[in-house]
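The residues making up each chain are set out below.
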Amino acid sequence: MTARAAPTSSGQARRRSPLAAESRWAWLFLAPTLIGLAILSAGPIIAAFAISLTKWDLLTAPKFVGLDNFAALLADHRFQTAIRNTVFYTVTSVPIGLVIGLGLALALNQRLRGIAWIRTAYFLPVVTSTVAISLVWSWIYSPDSGPLNAVLGFIGLPPQKWITDPFWAMPSIVAMSVWQGLGTTVIIFLAGLQAIPQEYLDAASVDGAGAWARFRNVTLPLLTPSIFFTGILALIDSFQVFDQIYVLARPGRPSDATVTLVYTIYENGFQNFKMGYAAAAAWILFLIVAVLTIVYFRLQNRWVHYQ
Amino acid sequence: MFAMSTRTRIAAVGAMVSLLVGACGGAASPSPSPNPSAAGPSSEASANASASPAAPSPTPYAGPATTIEYSIWGDPTELKNQQAIVNSFHAAEPRITVKVTVSDWEPYWDKLQTLLAGGAAPDVFAMDGPLFPDYAGRDVLLDLSSYIQAESYPLSSLADLAVKDFATSDGRQMGLPRDLNVIALFYNKKMFDAAGIPYPDDSWDWNKLIEVGKKLTLDKNKDGKIDQWGLYTETTDMENYWSSLVWQNGGDILAPDGKTTVLDSPGATGGLQFLQDLIWKHKIVPDPALFAETGDAFEQGKAAMEINGSWLVATDEAAGLSFGIAPIPAGPAGRVTSINPTGAVVYKGTKSPDAAWVFVKYLASPAAQQKIMALKASLPVNKEVLAGPYSTSFDGAKVLADALAYAHIKPSFKGYNEFTTELQAELDEHVFNAPDESAAEAVAKVKDKLNSILASQ
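As they're listed, the protein sequences go chains U and R.
For the first sequence, the working numbering gives the first residue as 6, with consecutive numbering after it.
For the second sequence, the working numbering gives the first residue as 823, with consecutive numbering after it.
Think of the hints as simulated: they come from the structure by calculation, not from any bench.
Using N, Cα and C, we set each Cβ at its ideal position, and we do this for glycine too.
Among the hints, erroneous ones may be present.
A short, non-exhaustive set of chain U residues, derived as facing chain R with CB atoms under 8 Å [said to hold, decoys possible]:
#1 T65
#2 D73
#3 S143
#4 P148
#5 S150
#6 T169
#7 P171
#8 S260
#9 E272
#10 F278
Sample of chain R residues with no beta-carbon within 12 Å of chain U, all distances over it, derived [to be verified]:
#11 G1072
#12 A1148
#13 A1196
If we strip away everything but chain U, and leave its shape as in the complex, we get:
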């Protein structure tokens, strides 16, 4: 504005400069995202931090308590359980999801009749609501009339109580989530696989590389950017696991075995009238995910190969 109003020659020059014009356009195009981020993300993040320093029940005026909420959280048995469960969920669901996803992508990376339909089928769970999926799986896991125990019985294994059994509850939820998330992983891996030039593989073949050697030395290294990308998505998603727990961990199910970080945030904020406490938990979650993300990015040049 000021530049435009000023009738100086430098102002004229700046206006004519193609670079300045371009950067104006760039800011214009970036504006919706930046404004959205500032209002919908940065604002609430800062607000949540402010709330985390208070004792606030949502309905009456907040009271400043300093870092009391953080201190109380560190001593809270249920919060510790939630961290343990969330870490368990992450260290199982992320690698298992990646390995199965990679295997499936390799299998689906074929020129077969109807392959598009098969790929679509694997993607269906991704676009289905988690609530619907959870309800179907709670039937699959039903100890009395569920098909899973029926299959186990058929092959002579004893029935299990799955989500009502403290030992099996979390693995059951992990299995469901892996199944549900496979579609995303497979799609990204398929795209990664199809971006690998056939000449590389041909050249490796000419040099005498077998199928395993081609996979190990050509396909896998060139797929590392895709693995990196799906890995970070899965890592962050898994720390935020909530819907499955909300639907599956109903009263009467072993809630100590399945309670997760985001679930305790919900529980404290909306059921226990402890919004300050919940905001503090949300900030701890934020810090955990931020540190893991930074470490993950720092480590990428050790194993990620860009073409």
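Since chain U is already given, all that's left is putting chain R on it; use the hints.
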């Protein structure tokens, strides 16, 4: 690009809480009325003067025409039922239009809290007895005492325990009960007839329950799996059965001053232990895991008896069961059952307090109570309806109505949700689903935590 999408995603959760609050605070104006005249100055003036209502009007409502919002939890059937009551209200009070909004149980409370925080709460909303202190103690409900005094509204015409459940400890009446539920014994007549066993009656006690329960727990096809259970109940909330057992054994959940839990007394743990024994020692109640996903075994015709709430009347009838109702079996310290009322409360920030009060009053009136009665999903709270038409409205209704005489109210205190989540997680994992552990040990483990929750309120 990665960094940015990462941050967005983290932000989504990291700030979920404040985002919701913030969004609601800035959202839609709190006026529940599409009619501009409704929110006119006169109704606002009366909101400010609500401490001393100028013109108390028993009938009909004389204020400006207005629209109020009435929020309830429930399913589409519940919505239909409440809508029918609202329609008859509108016929009686044409100047007041009531808009009913419904949510499922859990989202109902999430939504209510954010709407209250944002100053946009519904004018009238349903309140669960046990959660009342958490709202009444936070200055968001309208004190109805002045209306009650000005009109000499007869509170004694409603079930006393239920009325008391919506009053604060210092006697302010901040809601009226709308309906209530009571715990009783439901039995499948065909299964009793097939076994040649007389139907349960008011002579039953714990021993009789075990004795008959064993006779009716059957593996008919001899495959080693029980296909008819003697008794079904739910273990996941104190109301379904276990609080009654605690009381029937001389125990209680909280000390009389409400400041500590006395669930570790031998009477209380004995009551909890009895339920564990029914499942794992006497094996007449199914392992809770078996029906956790598929629902009520009694309703499915897989159990001969069920101890649970009066809401079963409507669902069991819909399921086509031939069933009867008997009093809950007595324990060593006598016969005690649990009642839990649902009430209607008024938002303190409502623009139409007079109209809201007229509506709340109507919900407890004989006209509305007869409609509630006909639905059979709960009991009316109006004594006249309860003792008169309700008692003869179906087979067993009198048993339910009479149960109020030996009922305790479901515990209701500040911090109820946090207390019961902690307690129930322990009981589920270490009592009702754990054949080898004892109720006394489980309660001893959580006692300190429970007391600290009570102390922090």
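Hints, one by one, checked against the model:
1. Annotation: T65(U) was flagged as interfacial toward chain R, and the flag holds, the nearest CB pair being 5 Å apart, inside 8 Å.
2. This hint is violated: D73(U) has a C-beta 11 Å from the nearest C-beta of chain R, more than the 8 Å allowed.
3. A least Cβ separation of about 5 Å between S143(U) and chain R falls short of the 8 Å threshold, and the interface hint therefore holds.
4. Hint status for P148(U) relative to chain R: holds, with the closest Cβ pair at about 5 Å, below 8 Å.
5. Using the Cβ-Cβ criterion of 8 Å, the hint placing S150(U) at the interface with chain R is satisfied: the shortest such distance is roughly 6 Å.
6. Given the 8 Å rule on beta carbons, the hint for T169(U) holds: about 4 Å separates it from the nearest Cβ of chain R.
7. At a threshold of 8 Å, the smallest CB-CB gap from P171(U) to chain R is about 6 Å, leaving the interface hint in force.
8. Annotation: S260(U) was flagged as interfacial toward chain R, and the flag holds, the nearest CB pair being 5 Å apart, inside 8 Å.
9. For E272(U), the shortest C-beta to C-beta distance to chain R is roughly 7 Å, which falls under 8 Å, so the interface hint holds.
10. Checking F278(U) against chain R: minimum C-beta separation of about 6 Å stays under 8 Å; hint holds.
11. Remark: the non-interface label on G1072(R) is consistent with the geometry, its nearest Cβ contact in chain U lying 27 Å away (cut-off 12 Å).
12. Remark: the non-interface label on A1148(R) is consistent with the geometry, its nearest Cβ contact in chain U lying 26 Å away (cut-off 12 Å).
13. At roughly 30 Å from the closest C-beta of chain U, the C-beta of A1196(R) stays outside 12 Å, upholding its exclusion from the interface.
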